[in-house]
Amino acid sequence: MVNTTVKIGSLELANPVMPASGTFAEGMAQIIDINRLGAIVTKTITSDKRQGNPPPRIAEFRNSTLFSIGIPSKGADYYIEETVTFYRQYTPPLVASISADSIDQFGELAAKISVPGVQAIEANISCPNLKKNGQAFGMDAEATYQVVRAMKAATQVPIWPKMTPNAANIVEIALAAQEAGADAIVVSNALLAMAIDVDTFLPKVANVMGGITGPAMKPILLRMAHQCAQAVDIPVIGCGGIESAEDAIEYLLAGASAVQVGTANFVSPNTMLQVINDIIAFCERRDISHVSELVGAMRHHEPIRFEGVNSF
Amino acid sequence: MVNTTVKIGSLELANPVMPASGTFAEGMAQIIDINRLGAIVTKTITSDKRQGNPPPRIAEFRNSTLFSIGIPSKGADYYIEETVTFYRQYTPPLVASISADSIDQFGELAAKISVPGVQAIEANISCPNLKKNGQAFGMDAEATYQVVRAMKAATQVPIWPKMTPNAANIVEIALAAQEAGADAIVVSNALLAMAIDVDTFLPKVANVMGGITGPAMKPILLRMAHQCAQAVDIPVIGCGGIESAEDAIEYLLAGASAVQVGTANFVSPNTMLQVINDIIAFCERRDISHVSELVGAMRHHEPIRFEGVNSF
Amino acid sequence: MKIETTFIADNSEWASQCSRQPDKLHFPITENPARILSNAWVNAEYKHMVVAGDAASLAAQPGQFFHLKCPGTEVDQPYLRRPMSLYGVNPSAGTVEFLYKVQGMGTRGLATLAEGDCLDMLGPLGRGFEIPDTTRHVLMVARGVGLATLTPLASAAIALGAKVTAMLSARSPELIMSKERLTGAGADVIAVSDTEGNSAVPELEALIRRLHAQTPVDFMTTCGSNRLLKLLQSLSKELGVTGQIAMEQHMGCAVGMCYACVRPFRQSADSEELSYRRVCWDGPVFPLEEALTW
Amino acid sequence: MKIETTFIADNSEWASQCSRQPDKLHFPITENPARILSNAWVNAEYKHMVVAGDAASLAAQPGQFFHLKCPGTEVDQPYLRRPMSLYGVNPSAGTVEFLYKVQGMGTRGLATLAEGDCLDMLGPLGRGFEIPDTTRHVLMVARGVGLATLTPLASAAIALGAKVTAMLSARSPELIMSKERLTGAGADVIAVSDTEGNSAVPELEALIRRLHAQTPVDFMTTCGSNRLLKLLQSLSKELGVTGQIAMEQHMGCAVGMCYACVRPFRQSADSEELSYRRVCWDGPVFPLEEALTW
Ligand SMILES: Cc1cc2nc3c(=O)[nH]c(=O)nc-3n(C[C@H](O)[C@H](O)[C@H](O)COP(=O)(O)OP(=O)(O)OC[C@H]3O[C@@H](n4cnc5c(N)ncnc54)[C@H](O)[C@@H]3O)c2cc1C
Ligand SMILES: Cc1cc2nc3c(=O)[nH]c(=O)nc-3n(C[C@H](O)[C@H](O)[C@H](O)COP(=O)(O)OP(=O)(O)OC[C@H]3O[C@@H](n4cnc5c(N)ncnc54)[C@H](O)[C@@H]3O)c2cc1C
Ligand SMILES: Cc1cc2nc3c(=O)[nH]c(=O)nc-3n(C[C@H](O)[C@H](O)[C@H](O)COP(=O)(O)O)c2cc1C
Ligand SMILES: Cc1cc2nc3c(=O)[nH]c(=O)nc-3n(C[C@H](O)[C@H](O)[C@H](O)COP(=O)(O)O)c2cc1C
Ligand code: FES
Ligand code: FES
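Protein chains in written order, with the working numbering: chain A, 1 to 312; chain B, 1 to 312; chain C, 1 to 294; chain D, 1 to 294.
Derived from the structure by calculation, the hints contain no laboratory data. All C-beta atoms, glycine included, are put in the ideal place defined by N, C-alpha and C. You may find that some hints are simply not true.
To be verified - Some, not all, of what chain D presents toward chain C, calculated at C-beta under 7 Å: (1) Pro71; (2) Gly72; (3) Glu74.
Said to hold, decoys possible - In silico negatives: residues of chain B with every beta carbon more than 10 Å from chain A: (4) Ser10; (5) Thr155; (6) Glu179; (7) Glu246.
Bound conformation, chain A alone (with noise of 0.2 Å):
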């Protein structure tokens, strides 16, 4: 018996697999038994009512997707009637994603939207659309910093922000967002790109650019991943381009303590269902006890022996 639980904070989950904010919705609960997961996490919310970008929203590449939604959003009381109500039927931890305009906001929402059942809330503050080219509160360490204070001051339920890879200086964000009181962060969302017709001279999405994501962006995200679970001590949750095992247990080894399946549950609902089987079976094959013991365990090439040689 493998055991599967991974802490995150003060917060266990059954196993390390949880959706990613905005490719999870009510729907996947007539598709799988959505009380497998570790946890779920829902699309992200403003407090208020909005409707997105224009259409066309969606391009598609060989292994990688590129999608420009915004944050069509119902707004928090439909959130705290409607969506908590119906992930309570379910057994796994509720994480509620948000966003808004302005640090203050941020903290009033996370104060809103601590109800009973939301277990932990995801700071969406790299989300790429939102704001004009993408330049959101995640590129920055410090409004990185105040958006955690923000919330941490204004609720008791664990914060996860969610770090953008359009950021260079990642690590220096993550460590921000640590040392303003941050229980995990979520590295990453997606990158920002765009794509044009070459028929029609029209970008493929309305927007213009939008986020990409996929298994193309996995050596990006993950590479990402493993820079901050070197620099802090919170864990980190990992996620990009995830749609098997073998890229979850990547993510693990990189030191990743959970992880996040996105476009994937796209190709097959089954995704995450099948990922939870198949790094169980992993570690049976491997005698691995614990998923935990994964975590960090990436070795390293020894440098190259020059058999009493001096190198140069």
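Fit chains B, C and D with the ligands to the known structure of chain A by using the hints.
Relative to the frame of chain A, chains B, C and D with the ligands by itself:
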């Protein structure tokens, strides 16, 4: 007859297609007619001799590659005596690429290699492997400004700094380069990435991190080229993930005046010639008489027509 | 909506051969590796595919669709699934049918499937047509792909006791499909085409008015075409006849999660207030009067 | 090295069917869509492939290799090419041969090729073996894949008037390949295997010493195996016999451009100074005494 010439500052190229630094060398002349290229760009050199990173240096993904080469260099003297002499047999302008450890050294090396035959110098301020964690000059607008200034002061040869996509504020850095007198900018080098072998727990390249290149990266690097082209007045040379004429045209539509082909040269040494031929065919099909008409010709989606109804 | 279940999804089972039909009865939507029974060309552009459906897919309703994982080839690797309307379902024979136009990477991949191959299909999805029980005469106006979507509605309406008139429009008579199937189900079929010169909107309008004068239409449906939508919207308003339209949009998840597939709709007939709705989850079938032409 | 040419590469030609052999004679290395003549299993692990080569590839020398674009499938898409040694070339028959182990994504793709299919091959590449003209007795010690690389050297050496002794080592006798081909070319073949228990290094060493005592060896070659390299290095030093080794490394471009394929080498025999060399362009064949064991 389609006119394929493009102007990069004072330099006129027969066509907009050239190799990306580090993906082209003398060997190519044994496979294709390199006189058909718009320009020749050589691998980055340093003033001194260097060995580069330990192997394994390469890992392959479905649609991209991870390279951790470092900057192996035979030094400036070898470059002037051997490399320049070799390429002077050919007609396309030769673009040298240089890297250095300090701003002064960038200037000195630029001066040193400003020999007849070198018609532009690319400043590789972005190599993700050379400096720890990829922190290079190109991550910072001020350092970029200084490097370009030092080079411009040292030589009359046009200077093309090459942006790093690992910088968050690429537009700011492009503007700094322009301000310092850059004649064009190349957008861009490779994103830092990593991969771990889940069987051995070892990183796939000995250096742990390397640059990820190839078609899967195009939407990200295209976005950066577009952002830079919108911000600067000097020509932008697009680079990243180009393997077909359609890819090259996408960069032109996004605002690039010319393009560089990198990893695709490894998959097929004929790629660049194919791209040139197919750009011409595309223009013929669409009655475009000058390739430069494509530059920046991206259109925009019209806002949804709400037919008399007020928009929300 | 909570699904009562003690069932633990076993994905090794799901991922295995398509000959096995995993017991997923507890879930109304399944990701089901279905066996291809046939996949034949009906004309130069369209193929008709019949698959062995599992229990969930055999419960599909007219207007619903499936999200199909299209096989890749050496050159084409369609990353996302492709939405396809239910063209027919036969619970007793255990079959589900699709009628699709081969046009891009995904549908080219679908076209390569042969009898005995596996098709990973997710569904049934979306909200199908809702015809009031009292309906006496359904008018279906379809062109091209829209036919696939509307065809199963005919039998459903006839089962309700309604008369069905299906107006089929196409570029040329050869591209008129489903005529036999519709006639067989008991529908009156009127076929028009561009080459015959009787498919222009004014002619269709005159035709519909005549039809309505003979046997009043009390439910109108269409699918896909902007000019047909415009026509039916104005007629439905003028004649006071309700109706529905099946819409299309590029999709990510097809189960209401990603919000990629939105289109703008009026809050209600004639309302100036617009909002985006998800074609996959709030539709693909919407009230005729709330749809926006484009 | 400047290639004299007025030839303008026409890539539409290159990209077209493999039945056409574009005129690329002016370039010593070509990216050539070659037609597969046969591609058969020789045992459970290895396949032997024969292709119709163009003029450039028919000039390949022993020790050189080609960089092969391996076909993809729905699941596998090998992005980069795969290096394969020349196993045989017959300019008059117009054929080039490969012997390869099916082990990963790329070679699995190669294994799917059938007679008449197209294989995009880039080559010939690298520096092959250089046997001094005065060589009288060549010793080749090969195991596994190394065999493919060394085999064509036998005929070349025999053509020079040298005697060739080929020691073939494998896990089991069934995996010994090329015995007939080598014997046919006029080489003496000594086959050893792990299951027969005569392939251990000390036994090979004794064998080589005996051989050398009988007919002095004046050129030694091996390929791939670290323990064989060690053995030959110490013997070549002790016996004062020169030699070469063919090395492997993961490759990007295979034409000396990317520097992915480096290995550390001594500047010269016994030198403490090391530097990286490109296996693809500076090799793959290197002086035995400059190679580093690993
Ligand atoms: C609810 C619904 C039901 C449909 N039913 C049918 C049907 O029964 N028969 C039929 O022939 N077609 C139907 N379509 C259209 C069908 O989904 C597209 O023809 C198909 O996705 C094209 O994929 P492709 O890869 O071959 O084409 P490409 O043009 O290469 O597709 C590129 C991308 O655009 C998307 N796309 C292209 N056209 C459409 C479209 N019209 N709607 C949605 N996405 C599109 C694809 O899914 C893909 O992501 C339906 C669409 C929807 C939304
Ligand atoms: C100069 C040279 C000549 C060779 N000649 C032969 C030959 O004649 N017959 C034969 O069977 N094999 C030969 N090899 C080894 C052959 O290239 C590998 O077996 C092959 O690349 C494996 O590819 P794969 O996708 O099937 O395996 P995978 O293990 O899936 O390959 C993964 C990656 O590693 C690389 N790789 C794996 N093994 C090797 C290796 N040994 N050398 C270089 N790259 C490797 C692949 O190219 C690929 O990029 C030669 C290698 C070199 C360098
Ligand atoms: C359609 C879509 C919508 C998304 N919406 C959100 C969102 O609302 N909030 C958020 O933090 N991330 C959002 N993301 C980003 C994902 O949570 C995730 O970080 C990203 O997709 C990378 O993971 P992946 O490669 O597994 O998809 C969205 C991604 C997609 C594809
Ligand atoms: C093997 C390899 C070596 C490279 N070396 C250099 C280099 O020396 N200097 C440089 O500026 N860029 C170097 N690059 C980056 C490329 O020039 C180019 O910016 C990058 O590969 C993106 O383009 P691509 O996707 O077309 O490959 C190298 C890339 C590769 C793959
Ligand atoms: S396709 Fe994802 S919400 Fe409709
Ligand atoms: S493989 Fe590129 S230099 Fe050897």
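Results of checking the hints against the structure:
no. : hint   : verdict
1   : Pro71  : 6 Å, holds
2   : Gly72  : 4 Å, holds
3   : Glu74  : 4 Å, holds
4   : Ser10  : 29 Å, holds
5   : Thr155 : 29 Å, holds
6   : Glu179 : 20 Å, holds
7   : Glu246 : 5 Å, violated
Violation of the numbered hints given earlier is confined to hint 7; every other hint is satisfied by the structure.
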